[in-house]
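Novice: Sequence:
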Amino acid sequence: MKQHAVIDSPYGPLTLVATDGALSGLYMTEQRHRPPEENFGARDDRPFGEAVDQLTAYFEGELKEFTLELHLGGTPFQREVWQQLRRIPYGETRSYGDLAAALGRPGASRAVGLANGKNPIGIIVPCHRVVGSDGSLTGYGGGLERKQRLLDLERGAALF
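First residue of the sequence shown: 0, per numbering that gives the first Met the number 0; consecutive thereafter.
Rather than coming from a laboratory, the hints here were simulated on the basis of the structure. Ideal placement from N, C-alpha and C gives every residue a C-beta, glycine not left out. Each statement offered as a hint is correct.
Ranges between beta-carbon positions, derived for each pair: (1) R86 to R154: 17 to 25 Å; (2) S8 to H70: 15 to 23 Å; (3) R86 to G134: 15 to 23 Å; (4) F58 to N38: 19 to 27 Å.
Model the full structure from these sequences, guided by the hints.
Specialist: Below, the structure written as structure tokens:
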């Protein structure tokens with residue numbers, strides 16, 4: 000059973016989706032690869048209390064690691080990439096090549112990038128921490144401005 004809620008954040012409204020009580024989606028407005036609203040289930044704020052609390056603490060710079068139960072769909076390779084994203088420490092970045100090498104697939108940078116772009120639980124599964132091989136900002140489903148702001152938050156820069 001799917002349910003969803005929409006919450007305010009410093010990055011605009013966020014849509015949280017739960018599947019059988021576990022967080023299965025976090026989508027920003029105008030996000031690339033955002034599923035249609037009708038796939039989010041009924042609107043119900045009840046399953047999201049802990050997610051909202053942890054996101055609030057993260058946005059306030061008080062939480063560095065999320066401990067939410069997640070329901071990650073996707074292919075086995077996508078799930079491997081998303082698990083690797085969760086290993087990138089707060090405030091640090093990795094390149095697509097770094098992730099491919101960590102997965103034991105050094106030639107799979109492009110495939111890692113595609114899987115990264117399909118991450119259904121942005122921010123919590125920190126795809127914003129992935130940059131180009133030269134350290135430059137590269138594509139982000141929520142937009143490069145949001146990506147930069149999330150990185151600045153984690154690096155201790157002022158949000159506003």
